[in-house]
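Undergrad: Protein sequences appear in the order of chains Z and X. Just so you know, the first sequence maps onto residues 50 to 317 in the working numbering. Just so you know, the second sequence maps onto residues 75 to 370 in the working numbering.
Be careful, since some hints might not be right.
[As the list claims (entries may be wrong)] If you only want the chain X side, here are some residues facing chain Z, beta carbon under 8 Å, derived:
1. 170
2. 197
3. 281
4. 360
Worth flagging that the hints you see were computed from the coordinates, not collected in a lab. Bear in mind that the values here come from a model prediction, so they are computed numbers and not experimental data. Ideal Cβ positions, reconstructed from N, Cα and C, are used throughout, including at glycine.
Residue-level listing of the chains:
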Amino acid sequence: MRSTVPLLVKLLATAGFGILYIPVMMMMIYSFNRGKLVSVWAGFSTKWYKELWYDDVLLTALYKSLLIGFSSATISTIFGLLIAIAFLRFSNFRGRLFLSLFASAPLVMPEAVTGLSMLLLFIAMEASFGWPSGRAVDTIMIAHATFGMCCAAVVIQTRLRDIDKSLEEAAKDLGGRQPFVFLSIILPLILPSIIAAWLLSFTLSFDDLVIASFVSGPGSSTLPIVIFSKIRLGVSPEINAIATLMILTISALVMIGSFLVLRRDGKK
Amino acid sequence: MHSLLQKFGRLLVIWLPLGWLGIFFMLPLVEMVNVSLSEARRAVPPYNPAFQIGKDGISFQPVVDNYLLIYEYWEDYLWPAVNSVRLAFFSTLYCLLFAYPMAWWIARSNKSLQHILLVLILMPFWTSSLLRMYALIGLLNPNGVINDFLIWAGITVTPIQMMQTDFSIYSGMILTYLPLMILPLYASLVRLDNSVLEAAADLGAKNWDIFRTIILPLSMPGVIAGCLLVFIPAVGEFVIPALLGGPEQLMLGKVIWTEFFRNRDWPVAAAIAIILIAIIILPIVYARYQDKESIS
Numbered sequence: 050m051r052s053t054v055p056l057l058v059k060l061l062a063t064a065g066f067g068i069l070y071i072p073v074m075m076m077m078i079y080s081f082n083r084g085k086l087v088s089v090w091a092g093f094s095t096k097w098y099k100e101l102w103y104d105d106v107l108l109t110a111l112y113k114s115l116l117i118g119f120s121s122a123t124i125s126t127i128f129g130l131l132i133a134i135a136f137l138r139f140s141n142f143r144g145r146l147f148l149s150l151f152a153s154a155p156l157v158m159p160e161a162v163t164g165l166s167m168l169l170l171f172i173a174m175e176a177s178f179g180w181p182s183g184r185a186v187d188t189i190m191i192a193h194a195t196f197g198m199c200c201a202a203v204v205i206q207t208r209l210r211d212i213d214k215s216l217e218e219a220a221k222d223l224g225g226r227q228p229f230v231f232l233s234i235i236l237p238l239i240l241p242s243i244i245a246a247w248l249l250s251f252t253l254s255f256d257d258l259v260i261a262s263f264v265s266g267p268g269s270s271t272l273p274i275v276i277f278s279k280i281r282l283g284v285s286p287e288i289n290a291i292a293t294l295m296i297l298t299i300s301a302l303v304m305i306g307s308f309l310v311l312r313r314d315g316k317k
Numbered sequence: 075m076h077s078l079l080q081k082f083g084r085l086l087v088i089w090l091p092l093g094w095l096g097i098f099f100m101l102p103l104v105e106m107v108n109v110s111l112s113e114a115r116r117a118v119p120p121y122n123p124a125f126q127i128g129k130d131g132i133s134f135q136p137v138v139d140n141y142l143l144i145y146e147y148w149e150d151y152l153w154p155a156v157n158s159v160r161l162a163f164f165s166t167l168y169c170l171l172f173a174y175p176m177a178w179w180i181a182r183s184n185k186s187l188q189h190i191l192l193v194l195i196l197m198p199f200w201t202s203s204l205l206r207m208y209a210l211i212g213l214l215n216p217n218g219v220i221n222d223f224l225i226w227a228g229i230t231v232t233p234i235q236m237m238q239t240d241f242s243i244y245s246g247m248i249l250t251y252l253p254l255m256i257l258p259l260y261a262s263l264v265r266l267d268n269s270v271l272e273a274a275a276d277l278g279a280k281n282w283d284i285f286r287t288i289i290l291p292l293s294m295p296g297v298i299a300g301c302l303l304v305f306i307p308a309v310g311e312f313v314i315p316a317l318l319g320g321p322e323q324l325m326l327g328k329v330i331w332t333e334f335f336r337n338r339d340w341p342v343a344a345a346i347a348i349i350l351i352a353i354i355i356l357p358i359v360y361a362r363y364q365d366k367e368s369i370s
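I would like the entire structure built from these sequences, with the hints used as guidance.
TA: Below you can see the structure in the form of structure tokens.
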């Protein structure tokens, strides 16, 4: 049957992969350019990478992004797991409709709308009872966790749906009690999807520019915010270098995550 | 005792996420509606809340001024809305054009190649769109890689203007959203039964006829899902029009940003956000309706 893939299809598909990868590849190559001018190749050099280490603004932003990424991904994964359990293990409960609406709507909401609406709420809350006072790491973390838990719930649900319910029933028949049955039998089975959900929530948080721009305050710029303001000033080899490092790191995480998911699926 | 504990645990599992999403997702939207119905003023915060709980009790005095303002200055606000829909629509079409062959190719490959190709599709999706757009600028700039090549090859003398055009927007959209189109297409194409295609070929059907009468109709759910997955985020896109577009490629996401950060007109920004939500809900409702039709 492989012979039925016509040449035109192959050409278009190759072009598609080209569109996805050529811009990033070129950027990575030019990050090793010695010259200041981006388009003129002036020889190989790693000096732009070295310069990153002395850019305090960039390093502070990186630290904040990592902090927000770790904490929001952890909250996202825990709540995402709860949402998945509520949907697949509790048949009918009050609020099911609301939960399914609340857990899916953030996925289709434009980032600018999510960011704006959250900021307006934070400001109204601050005016009413003084929390959160100003906007900083904690507001960005809350915003990212809210969005991330919906994505995490989707990832965990696809795996949890495949777990045979009779496994749990058997454990219960043998005298197991509920939270312990879940923790000792189901949790290990869905662990790959939980890791994948954490990795995905982390990358979403780490990459986010728009929501973070709205809910961040002065002095709490994350890495994407700093990079965005640098890009506004023009293309520079330094951004090439930091972008290359970020893309390579995220790609490594995604590779681990997707192989965890795909390997499980492949075993079926 | 144990059943009480279990009941409590069950309530916790449901109400923790429900409470969180209610407070940090639903309440903000309600507050946004409130702000969009509030009067703008020069103060901190720059609006006079329509809904207030004050010393003299609860008051609710909505004004529609902000929506009227959007209507009055339709060139500044509704034109970007039309433009968002136009750019998102054609971006969806172009994504489909490239995604369909890619999904088909992946679906027809053997298992191990399939895994590698799927990871290759997933990887760009999870890396930052901001950084990929930045990489694209490096290609499309007047002194970027493509223009340098064209001038070196003698095809043009002066650089071709590619940035701040529809072309740069579409390139950015394809680069960002292609994976979202491929995944549902792949999911529906991989389920296609080979024997059906073989039977059609044995009976003398040409490739094109097989595609038109069998493959395309059977992959329609994937096409619709993919188009929704691309169109919906594309309409509200901010990074792409902000970095790759000019004044002609204004989109709603960018207008909200400008209204809020530069003009500090929060009520109008909130009103535009609500219009954007309305634009997004339409195709979702349409798809739901189609789903119900096909079931019944």
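Undergrad: Indicate, hint by hint, whether the structure satisfies it.
TA: Against the structure, the hints come out as follows:
| no. | hint | verdict |
| --- | --- | --- |
| 1 | 170 | 11 Å, violated |
| 2 | 197 | 5 Å, holds |
| 3 | 281 | 6 Å, holds |
| 4 | 360 | 13 Å, violated |
Taken one by one, the earlier hints fail for this structure at numbers 1, 4, listed in ascending order.
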